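Trainee: Chain by chain, the residues run as shown.
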Amino acid sequence: MLKSGQKIEFKHTARLAVQRPNKLRAERSGDLVEQLFVYDGRTLTLHNPKDKVYAQVAAPDTLEAMLEFARTKLDIVAPAGDLLDKNAYDILMDGVTDGLVVGKAVIEGVRCDHLVFRAPHVDMQVWLHEGAQPLPRQLVITTRDLPNAPQFAVTMTNWNLKPTFGAQTFKFTPAAGATKIDLLPR
Amino acid sequence: MNTTRILKALTVTAARPAGTPAVGTVVNALPAGCKPETKDGVEVQNFGGVTYRAAFQGNNLVYVVQ
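The listed protein sequences derive, respectively, from chains A and B. Once you know that position 158 of the first sequence is 158 in my numbering, the rest is easy, because the numbers rise by one and skip nothing. Once you know that position 4 of the second sequence is 4 in my numbering, the rest is easy, because the numbers rise by one and skip nothing.
Calculated from the structure, these hints are not laboratory results. Here the structure is a predicted model, which is why all the values come from computation and not from measurement. There could be a bad hint or two in this list.
With a cut-off of at most 20 Å between alpha-carbon atoms, the simulated SDA-like pairs for lysine to any residue come out as follows [claimed, not checked]: (1) A:Lys73 <-> B:Asn60; (2) A:Lys11 <-> A:Thr143; (3) A:Lys50 <-> B:Val27; (4) B:Lys39 <-> A:Asp182; (5) B:Lys35 <-> A:Val53; (6) B:Lys39 <-> A:Asp145; (7) A:Lys52 <-> B:Cys34; (8) A:Lys52 <-> B:Glu37; (9) A:Lys180 <-> B:Gly48; (10) A:Lys180 <-> B:Val26; (11) A:Lys52 <-> B:Pro31; (12) A:Lys50 <-> B:Arg53; (13) A:Lys50 <-> B:Asp40; (14) A:Lys52 <-> B:Gly49; (15) A:Lys52 <-> B:Gly33; (16) A:Lys11 <-> B:Asn59; (17) A:Lys50 <-> B:Gly48; (18) A:Lys52 <-> B:Val23; (19) A:Lys180 <-> B:Val27; (20) A:Lys11 <-> B:Leu61; (21) B:Lys39 <-> A:Ala178; (22) A:Lys180 <-> B:Val44; (23) A:Lys52 <-> B:Gln57; (24) B:Lys39 <-> B:Asn59; (25) A:Lys50 <-> B:Pro31; (26) A:Lys52 <-> B:Ala55; (27) A:Lys52 <-> B:Gly48; (28) A:Lys73 <-> B:Gln45; (29) A:Lys52 <-> B:Leu30; (30) A:Lys180 <-> B:Thr38; (31) A:Lys23 <-> A:Thr169; (32) A:Lys50 <-> B:Val62; (33) A:Lys180 <-> B:Glu43.
Could you put the whole structure together from the sequences, leaning on the hints where they help?
Mentor: Spelled out as structure tokens, the structure:
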């Protein structure tokens, strides 16, 4: 948001691999940041490939505890982290006072059901794949209390519910010339 | 009068003229024209006698004045 009130969108794309209960790899690229986030069940690594730097920290042993630790202790967020949590429903529905089925929509070529919810500070819209397997397709969160009501939106494509992972998927091996740097405490 | 102390103070003043950032200052970007060097075994960027060390602050890459 500019001081003038003009709203600017920052877009990025993330590719995520999750293996429950305790592995995550998120590769994010976009106009603000290019970053790799790897969690192997013990260690969390943050790596900026272009800057050739990475930081590592010991992390809790479940995906949910790690996401909470990263957010509250390190101020680090995984792309769409709330949606990776196995308790995503409880997190998103926290404080929701009412909801509405808007109707049908097509998001990136997939027919979806469009639902909206209202909580004390945020309005939420969610689009779910129509049919027997209601995977989330899109989520838009509007923080309506802040000036000009900033929004966070994520569209989830290329779902693969039976992925195969290689030995390297959740392992971080620093490239030659990469420097290990500190993670400042919050 | 403790001349060593005064000399030290002068040296520090010379290395850090008025307007240079204090040790521990966190900046989001390095000044243009920084030169990489190694200080105490750590890679830092030097700009006019002020050295900056890279660190993550949350998801952001920042530089801390040494």
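Trainee: Look at each hint and say if it fits the structure.
Mentor: Verification of the supplied hints:
1. Of the pairs offered as hints, the one joining A:Lys73 and B:Asn60 holds, with about 15 Å between alpha carbons and a cut-off of 20 Å not exceeded.
2. Between A:Lys11 and A:Thr143 the CA atoms are separated by roughly 18 Å; this keeps the pair inside 20 Å, and the hint holds.
3. Taking the CA atoms of A:Lys50 and B:Val27, the gap is near 18 Å; set against the 20 Å cutoff, the hint holds.
4. Restraint check: the Cα-Cα separation between B:Lys39 and A:Asp182 comes to about 15 Å, which is no more than 20 Å; the hinted pair holds.
5. A hinted pair counts as satisfied when its Cα atoms are at most 20 Å apart, and B:Lys35 with A:Val53 qualifies at roughly 17 Å.
6. For the hint linking B:Lys39 to A:Asp145, the alpha-carbon distance of about 47 Å lies beyond 20 Å, and the restraint is violated.
7. For a cut-off of 20 Å, the pair hint linking A:Lys52 to B:Cys34 stands: about 16 Å separates their Cα positions.
8. For the hint pairing A:Lys52 with B:Glu37, the CA-to-CA distance comes to about 16 Å; that is within 20 Å, so the pair holds.
9. Taken as a hint, the A:Lys180 and B:Gly48 pair is broken in the structure, with Cα atoms around 24 Å apart against an allowance of 20 Å.
10. Taking the CA atoms of A:Lys180 and B:Val26, the gap is about 18 Å. The hint holds against a cut of 20 Å.
11. Proximity of A:Lys52 to B:Pro31 is assessed by CA-CA distance (about 18 Å); at most 20 Å being required, the pair is judged to hold.
12. A threshold of 20 Å between alpha carbons decides the hint, and for A:Lys50 with B:Arg53 the separation of about 17 Å falls inside it, so the pair holds.
13. Among the hinted pairs, A:Lys50 with B:Asp40 is inconsistent with the structure: their alpha-carbon atoms are about 24 Å apart, more than 20 Å.
14. For the proposed pair A:Lys52 and B:Gly49, the alpha carbon gap of about 24 Å is over 20 Å, so the pair is violated.
15. For the proposed pair A:Lys52 and B:Gly33, the alpha carbon gap of about 19 Å is at most 20 Å, so the pair holds.
16. Taken as a hint, the A:Lys11 and B:Asn59 pair is honoured in the structure, with Cα atoms around 16 Å apart against an allowance of 20 Å.
17. A threshold of 20 Å between alpha carbons decides the hint, and for A:Lys50 with B:Gly48 the separation of about 25 Å lies outside it, so the pair is violated.
18. Simply put, A:Lys52 and B:Val23 have alpha-carbon atoms about 24 Å apart, too far for the 20 Å limit, and the pair is violated.
19. With a C-alpha separation of about 19 Å, the suggested pairing of A:Lys180 with B:Val27 holds against the 20 Å cut-off.
20. Between A:Lys11 and B:Leu61 the alpha-carbon distance is near 19 Å, which keeps this suggested pair within the 20 Å criterion.
21. For the suggested pair B:Lys39 and A:Ala178, the alpha carbons sit about 17 Å apart, so the restraint of at most 20 Å is met.
22. Between A:Lys180 and B:Val44, the direct Cα distance comes to roughly 12 Å. Compliance with the 20 Å bound is thereby established for this hinted pair.
23. Taking the CA atoms of A:Lys52 and B:Gln57, the gap is about 16 Å. The hint holds against a cut of 20 Å.
24. Using a Cα cut-off of 20 Å, the hinted pair B:Lys39 and B:Asn59 is violated, with the two alpha carbons roughly 25 Å apart.
25. Our distance criterion of 20 Å between C-alpha atoms is met by A:Lys50 and B:Pro31, whose separation comes to about 18 Å.
26. This hinted pair checks out: A:Lys52 and B:Ala55 have alpha carbons roughly 12 Å apart, not beyond 20 Å.
27. For a cut-off of 20 Å, the pair hint linking A:Lys52 to B:Gly48 is broken: about 24 Å separates their Cα positions.
28. Taking the CA atoms of A:Lys73 and B:Gln45, the gap is near 28 Å; set against the 20 Å cutoff, the hint is violated.
29. At roughly 15 Å between alpha-carbon atoms, A:Lys52 and B:Leu30 fall within 20 Å of each other, so this suggested pair holds.
30. Restraint check: the Cα-Cα separation between A:Lys180 and B:Thr38 comes to about 14 Å, which is no more than 20 Å; the hinted pair holds.
31. Between A:Lys23 and A:Thr169, the direct Cα distance comes to roughly 9 Å. Compliance with the 20 Å bound is thereby established for this hinted pair.
32. For the proposed pair A:Lys50 and B:Val62, the alpha carbon gap of about 14 Å is at most 20 Å, so the pair holds.
33. Taking the CA atoms of A:Lys180 and B:Glu43, the gap is about 10 Å. The hint holds against a cut of 20 Å.
This entry does not satisfy hints 6, 9, 13, 14, 17, 18, 24, 27 and 28, going by the numbered hints stated previously.
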